[in-house]
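A.B. asks: Spelled out, the chains give:
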Amino acid sequence: MLYSKKKIALVDCNSFYVSCERLFSPSIIKKPVVVLSSNDGCVISRSTEAKVLGIKMGEPYFKVKKIIKENDVKTFSTNFSLYGDISRRVMKTLKQFSPQMEIYSIDEAFLDLSSIKDEDLLEHGCEIRRVVLKWTGIPTSIGIATTKTLSKAANYIAKKEKSGVVDLINSKQIDKLLKEIKISDVWGVGRQLTKFYIGNKINTAYDLKNMHNGWIKKNTNVFGSRTAMELKGIPCISLEPHQEKRESCCVSRSFGKKVIKLEELSEAITTHCLNAAEKIRLDNQTVKRITVFIRTSPFQVNKNYYANSKNIDLPIKTNDSIALIKQALIALEYIYKKGYQYQKTGVIFSGLKDVDVYNRNLFSTINNEEKRIKLMKAIDYTNIKYGRHALSIAQAGFKKKWNTKRNFSSQINTTCFNFLPTVRIS
Amino acid sequence: MKVLLPFHLNKVGAGFPSPATDYVEDDIDLNVHLIKNIPSTFLIRVQGKSMNNVGIHDGDLLLVDRSLNPKNFSTIVANVNEELVVKTFIKEKNQSFLTSESEKLNNKINLGKNPEIFIWGVVTYVIHAL
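Listed in order, the protein sequences are those of chains A and B.
Under the working numbering, think of the first position of the first sequence as 1, with each following residue one higher.
Under the working numbering, think of the first position of the second sequence as 1, with each following residue one higher.
Keep in mind the hints are simulated off the structure, nothing from the lab.
So the derived list for chain B, only partly shown, Cβ under 8 Å to chain A, looks like this:
id, residue
1, L43
2, K49
3, S50
4, N79
5, V85
Across the chosen pairs, the derived CB separations fall in these ranges:
id, chain 1, residue 1, chain 2, residue 2, range
6, A, I234, B, N110, 51 to 57 Å
7, A, I312, B, D29, 39 to 45 Å
8, B, P17, A, K371, 29 to 35 Å
9, B, V32, A, K257, 44 to 50 Å
10, A, K134, B, K91, 15 to 21 Å
11, A, K405, B, N52, 42 to 48 Å
12, B, L130, A, Q411, 25 to 31 Å
13, B, S67, A, L375, 37 to 43 Å
14, A, I29, B, N72, 25 to 31 Å
15, B, D27, A, I234, 51 to 57 Å
16, A, N213, B, D29, 53 to 59 Å
Below, in silico cross-link-like pairs of lysine to aspartate or glutamate (EDC-like), each with a Cα-Cα straight-line distance of 20 Å or less:
id, chain 1, residue 1, chain 2, residue 2
17, A, K51, A, D72
18, A, K279, A, D356
19, A, K134, B, E116
20, A, K95, B, D65
Even for Gly, the Cβ is constructed at its ideal location relative to N, Cα and C.
Start from the sequences, fold in the hints, and give me the full structure.
C.D. replies: Now the structure itself:
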C-alpha cells in the first residue's frame with residue numbers, strides 16, 4: 001500500500017438538543033420530546049419517540065401542534081447556553097481519545113484513530129461511546145471508516161444499530177450498506193446535486209461509488225469528484241484539527257413580533273453589534289467592513305416584500321463597540337423604509353484581521369483610544385462575570401419588545417450561577 | 001481553564017529588589033483544586049430540606065462528578081421517580097442501596113430491584129455559605 005491507511009471516526013450526538021434537555025430532567029427521558037428553533041418556529045431536534053409519532057425534522061410548529069397536544073409531547077425552546085456548554089464537555093471528553101480531532105459542528109466531531117489496531121477499533125468505539133455517555137450524559141453514534149465521507153455513511157448506519165457503533169474498516173459489507181443510503185443522505189451531496197444525480201439514475205451511495213470518475217468530474221465539480229473518491233475509500237478530504245480564525249462574524253435574529261419603527265430596529269442592530277463586537281474582541285480581531293440587513297417576512301401573503309442590505313467600509317479597522325454601532329446605524333437609516341413590517345435583521349462584520357499593535361494609534365478617529373480600549377475590556381470583563389448584557393449601551397434598549405420568543409425554554413444554564421440545575425433532598 | 005500569570009513581578013526601581021520575586025506563585029484557583037475532571041463535573045444547587053448527617057443544606061452548591069463510581073457511603077445524585085435527588089450510596093454483601101436521612105434504614109432502595117433508578121453522579125464537594 002502506498003499510503004498508510006487512515007482510520008477516521010465520526011462521533012455524532014443523538015438528538016443532541018433533546019439529550020441536553022433530558023440531562024437535568026429525568027421525567028422526560030422516555031417521553032417524546034422536541035426542541036423548536038428561534039421564535040418557536042420549527043422543530044429542530046426530536047427524540048426517537050417523537051420521530052415515531054411522525055414529527056418531521058424542520059416542520060413548522062403550527063403544523064405539528066395537534067400531534068404534540070394529543071400525545072403530550074414535551075416541547076422546548078432552544079437554550080443555546082446549555083447546549084454550548086454540554087457540547088464543549090463532549091468535545092473535551094473526545095479529545096482524550098485522539099489528539100487529532102476536528103470539531104465539525106455543535107454535535108459532531110471527526111477523530112483520527114489511525115493508531116488503533118484494526119481488530120481493536122470496534123471495541124475502542126464502544127469505549128468512546130461509553131465514556132462520553134457516563135461523563136456528559138449524552139448518547140452518541142460512531143461510524144469508523146477509511147475516509148471522512150465513509151465514516152459519515154457508517155455513522156448513518158450506526159444510528160440505527162443498537163450498539164451505536166459501526167466499523168467499516170476491512171468490512172466486506174460496505175457495498176451492501178452503501179446500497180441502503182439514499183443519494184440525498186450522502187455527505188457533501190446537496191439538494192441541487194441530488195436532483196442531478198437522480199436524473200442520471202444515481203439513487204444510492206453505492207451508485208455514486210461505481211460511477212466513472214471522469215464522468216463525475218465532467219458533470220459536477222471538484223467537490224463532487226472528491227465525494228465519489230471518498231466513497232471508494234480514497235481519502236481526499238483531510239482532517240482539520242485547528243480551528244481557523246473566523247473571517248466574518250454574523251449576528252442576526254428574527255423578531256418575536258413584527259417591527260415597524262426605526263427606533264426598535266436600531267435597538268436590535270445595536271444589540272447585535274454588541275454581541276458580534278464582543279465575539280471578535282475575544283478573538284483579538286478587528287473589523288474592516290460592516291453589513292447591515294433587514295427584511296420582511298417572505299411568507300406573508302398580500303403584503304409587499306422588502307429586503308435590503310448596506311455595506312460600509314471602515315477607513316480604519318476597529319473592534320470598538322461604540323464606533324461600530326455608529327456606522328451600523330448609519331447603514332440602517334440608509335436602507336430603512338417606512339411602512340413595512342420587518343421580521344428579521346442582522347449585522348455582518350467582515351474583513352476580520354488580527355489586532356495590529358503597531359499602527360493602532362495612527363489616523364485613529366476615536367479620541368482617547370487607549371481609554372476606549374480599556375472601556376471595552378471593562379465591558380467584556382463585566383459581562384463575562386455577571387452575564388450577557390449586564391453592562392450594555394442604552395441605545396440597545398431596555399424592554400426589547402422585539403426580542404426573540406422563547407416561550408418554552410428550560411432556563412437551565414450550567415455556566416450561569418443564577419440558573420444552575422437543581423436537585424432535591426428527599 | 002484560565003491560567004492567571006503574575007504580571008509585574010517587580011518594578012525596576014531604585015530600591016533593593018524584593019527577595020520574594022523568585023517565589024511568586026499564582027493566585028489560588030479553586031477550579032484547579034476542587035475539579036479533578038472538568039468535562040464531567042457539574043455545579044448543581046440544592047433545593048428543599050437538609051441532609052444534616054453529611055452537612056448539605058438548602059441552597060448549597062454541590063460539585064458533582066459524573067465520571068466517578070460511588071464507593072460505600074458516597075453521597076450521590078440519583079434519578080429516583082423521575083427526579084434528581086441527593087442520596088447516600090450503601091454497599092452490603094454485593095447489593096447496592098440508596099438511603100436518605102429521613103428514611104428508616106429498612107426503607108432503603110435496593111438498586112438491583114429498581115432498574116429504572118440510576119446514579120447520575122457522585123458529589124465531591126459541598127459549598128455552603130455561612
